[in-house]
Structures are given as structure tokens and as C-alpha cells.
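*Asks:* For reference, the chains in residue letters:
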Amino acid sequence: MTHLSPEQLVDLVDGHAGPDAVMHVAACGGCRDAADDLREAMALAGIDGAPEPSPLFWDHFSTRVGAAVREEAEVHARRASWAWRWMPASAVAAAVVVAALVVMPREATRVPEGPAGAGVASTVARMAPADEDVPAAPDDASWALMSELSQEMSADDAGTAVPGTADRALRQLNGVERAALVDIIREEMARASARSAEPAGE
Amino acid sequence: MATAAGDWLARGISPEWTLRVVATTTREPRDTTPLDALDDRALVAACLGGRLDAFDLIVDRHKRSVYQVCYRFVGRHEDAADLSQEVFLRAYRGLKRFRGDASLSTWLYRIGVNVCLNKVSVRQPVQTSLDDAPQLAALTPDPSSGLIRAEAATRVRAAVARLPRKQRATLILRVYHDLSHQEIAIALETSVGAVKANFFHALGNLKKLLASESR
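In order, the protein sequences belong to chains A and B.
Sequential numbering from 1 applies to the first sequence in this note's numbering.
Sequential numbering from 1 applies to the second sequence in this note's numbering.
The hints are simulated quantities; they were obtained by calculation from the structure and are not laboratory data.
Predicted model, so just to flag it, every value in this text is computed and none were measured.
Ideal Cβ positions, reconstructed from N, Cα and C, are used throughout, including at glycine.
Please note that a few of the clues may not be correct.
Going by beta-carbon spacing under 8 angstroms, a handful of chain A positions derived as facing chain B [what the hints assert, rightly or not]:
#1 9
#2 41
#3 53
#4 55
#5 58
#6 62
#7 65
#8 187
#9 190
#10 192
Coverage of chain A stretches by chain B, computed from C-beta distances (three or more under 8 angstroms per stretch; other residues unrestricted) [as the list claims (entries may be wrong)]:
#11 19-31
#12 69-79
Each pair of labels, with its calculated beta carbon distance range [stated by the list, open to error]:
#13 34/B - 53/A: 24 to 30 angstroms
#14 101/B - 18/A: 24 to 30 angstroms
#15 37/A - 52/B: 46 to 52 angstroms
#16 34/B - 177/A: 20 to 26 angstroms
#17 78/A - 39/B: 30 to 36 angstroms
#18 77/A - 34/B: 39 to 45 angstroms
#19 165/B - 76/A: 29 to 35 angstroms
Generate the whole structure from the sequences, applying the supplied hints.
*Replies:* Here it is as C-alpha cells:
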């Protein structure tokens, strides 16, 4: 004869046992004893009533939790506000990196229009370290934009422009941020073009 | 707004334009249902919509059961109060993750058990020695003696505190909070079969612990 499993015994004392289990217990002293043991243990466990603190505690507890939750909400709101405040700055930084990676390879590989030596010299001059006197390129709006934006970049910022940085930065932007980035780039390109189109001396 | 619309009409502004502005600036009627009348899920929705007073009501509805489950684990009022607050804070932080598959109370039990088990694992709960309490023979129910009953309760609490973690959690939720095996399975993130097996072994071990101390 197969005795009842622990699960069946628990169902039995809960009153959810099937007819087969009930019939088995009627005929099996071992399972009957096991079921009685479970009932006795449940009765013993039930002796320990619900812990009840002082009635004053509940109001105090509600106030305490309410204050903690409001503090939490405030911290969350401050963080969200901080993120929104800095989001445009990070988008500008990302724009600089993207523009640098788009513009610089084009500048470096541009086919020289004049004598070969002059073209190479011009490219080398553009790629020279920042502390040297780099000649301006007034005929190139994208380069003018890069030149202007890079003046506000620190050496640390510039160091982030390693291969793959732009891709990684773009992947981290959500839809809204990407749209903002596109707007910023367009705006800056238009502004740089407008400036380069202005007559000299004004 | 009606006055403004009248002004626009008087100034010869296109009636079509005026009507459109009036329509889009008319406020939707606010839901004036009092929070007390909302069920738990509606309160969660209200809270996610920015109403912190909805969360206050959630706390009021469930603080007693959360406190009691915490007390069963740690056995000290101050610790139980701290843990209960922690449970509600975690619930608030994770409210977006409440999917409503189970009841809010089961979800809170789940958080409560996790918080308590984590705490208990780093710090042993306060345990009343079984030697300090009357022997098992004295556990015989005697309604006329509140003292004996209180002492018996102390012995049982001490024995429950000695049970393995999962067995203890199962026994607490089943015996003291009357959760179904299904609800316990959700709260403990396990199967109904495992809950029943844990409950069976918890009761067996409880009886052994009490009996061994009475010898």
C-alpha cells in the first residue's frame, strides 16, 4: 500500500483531499497518525496570537512612512530635474564628437587642389596640436563649426573622440535625444554657414 | 472662457476658430471619486499618476499585516517597525512593477518576506530560549490562564524562529496570515508543491522542537 505524500497529507488537513486519500486514511493507521500530528502541530503554532503594538503606534507609523515616501519622491523629482537640465549639455557634447568624427576624416583625406606639397602642408597644419597657431579655413563651414565648438572643449573631452565613441554615444540616446541632437547639428551648421557668408570686416 | 469667446466674436474673429479654441481649452471633468472608495489596484494607478495620498491609503490598509509578518521574523517591535517601513518604501519604489497578477497584499507579503529574510540572514533574530518558557505539557490550552497561554506562545515563537528560512516563511504565511498555498507560492516565488512540502516539514520540525524541549 502506498502511503500519502506530504502534499496529500497537507491537503487532507486543509480539507482539500480527494476521495481516494480520504478512503486511504480511513484504512491506514500510519497516515491517520501523520495527519493527526499535522493537525496538532497546527494547533500548537496557532497558540501564538497576532502581535499587537500600542494603538498609538499605528498613527505614528503612518506618519513616518508618509514622510519617508515624500522624501523619496522629492529626491526622485530632483534627480529627474537634474537629468533634464544636463541633457542639452550632453547632447551638445555628443554632437561635437559626432561632428568631429564625420568632418575630420574628410578633412584629412581631402584631395589637394593646388600643388601636392601645399595640400599636404595645409592638412598637416589643420591636424597640428591645438597650442600651435592653426590657420583658419574660412571657406569651409563645417570646419569653422568644428573650430568654434572645439574652443570650448577641454583636453579630456577631446580625448573621448576615439573610434567607436560616436556610435556608442548615439546608441545611448533615446528617440527624443536623437531628435534634439539632429536639431542642434542643423542649427549649428546653419549658423556657421550664415557666418561664413557674411562679408568680411563687418 | 465664454466671455472671451464673446469678445472674439464681437471683434469679428472667425466663429470657426473661436469654437475650436473654446473646445480645446475646456477642461475634462475631474474624477471626484474619493480615494477611500477605490480598490487597491485603482489606488496603485492613482499613486503612479502622482497622488501620494493614494499611497498613504495603501499604507493604512496594509500596515498591520506587513508589520505582523515582519514581527514574526524578527521578534522585536522596533525592528519590525523599521522593516515594515522598508517594505513600504520598496513597494513605493517598485510600484511600476506591480502588474496586478496577484493581489497587492500578496505582492507586499512577497516584498516583506524578502526584506525579512535578507535582514535575518545578516543578523540572527531575537530568539527566546525554550528553557525560559514552560514545558510542552503546559501548552495544553487553558482558557482560564492567560499567563500560561502567553508563555506557551513565547515557546512556540522561539521554536518557529529556529525553523529553516523557507519553512519558517511558509508556516508564518499559512498559519498566521491565512494565505492559500497558491498565494504563498507567489509570495515566495516557488511552486505550490514546494509550499506544501515546506509546510509539512515546518509543522513536523515545530512539533519535534517543542517536544525535545519538554523532555
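*Asks:* Does each hint hold? Answer for all of them.
*Replies:* Now for the hints, and whether the structure bears them out:
Hint status for residue 9/A relative to chain B: holds, with the closest Cβ pair at about 6 angstroms, below 8 angstroms. Taking 8 angstroms as the C-beta contact cut-off toward chain B, the hint placing residue 41/A at the interface holds, the least distance being around 4 angstroms. Taking 8 angstroms as the C-beta contact cut-off toward chain B, the hint placing residue 53/A at the interface holds, the least distance being around 6 angstroms. Annotation: residue 55/A was flagged as interfacial toward chain B, and the flag is violated, the nearest CB pair being 11 angstroms apart, outside 8 angstroms.
Because the smallest distance between the Cβ of residue 58/A and any Cβ of chain B comes to about 7 angstroms, under 8 angstroms, the interface hint for this residue holds. Residue-level restraint check for residue 62/A holds (minimum Cβ-Cβ distance to chain B is 6 angstroms; threshold 8 angstroms). Against a cut-off of 8 angstroms between C-beta atoms, the interface hint on residue 65/A holds, since the closest Cβ of chain B lies about 5 angstroms away. For residue 187/A, the suggested interface contact is broken, since its CB lies about 30 angstroms from the closest CB of chain B, more than 8 angstroms.
Interface hint status for residue 190/A: violated, as the beta-carbon distance to the closest one in chain B is roughly 33 angstroms, over 8 angstroms. Annotation: interface hint on residue 192/A violated; nearest CB of chain B at approximately 39 angstroms, more than 8 angstroms. Judged by the Cβ-Cβ criterion of 8 angstroms, the region 19-31 of chain A is not covered by chain B as claimed, because only 0 of its residues qualify and three are needed. Given as covered by chain B, the region 69-79 of chain A passes the check, having 4 residues with a CB less than 8 angstroms from a CB of that chain where 3 are the minimum.
The hint said 24 to 30 angstroms for the Cβ distance between residue 34/B and residue 53/A, and at roughly 29 angstroms that hint holds. Between residue 101/B and residue 18/A the CB atoms are about 28 angstroms apart, so this pair conforms to the stated range of 24 to 30 angstroms. Separated by about 50 angstroms at the C-beta atoms, residue 37/A and residue 52/B satisfy the suggested range of 46 to 52 angstroms. About 41 angstroms separates the C-beta atoms of residue 34/B and residue 177/A, a value inconsistent with the hinted range of 20 to 26 angstroms.
Distance hint check: the CB atoms of residue 78/A and residue 39/B are about 32 angstroms apart, consistent with the given range 30 to 36 angstroms. Separation of residue 77/A from residue 34/B is about 26 angstroms and departs from the stated range, judged on CB atoms against 39 to 45 angstroms. At about 32 angstroms, the beta-carbon gap between residue 165/B and residue 76/A stays in the expected band of 29 to 35 angstroms.
Comparing the model with each numbered hint stated earlier shows that hints 4, 8, 9, 10, 11, 16, 18 do not hold.
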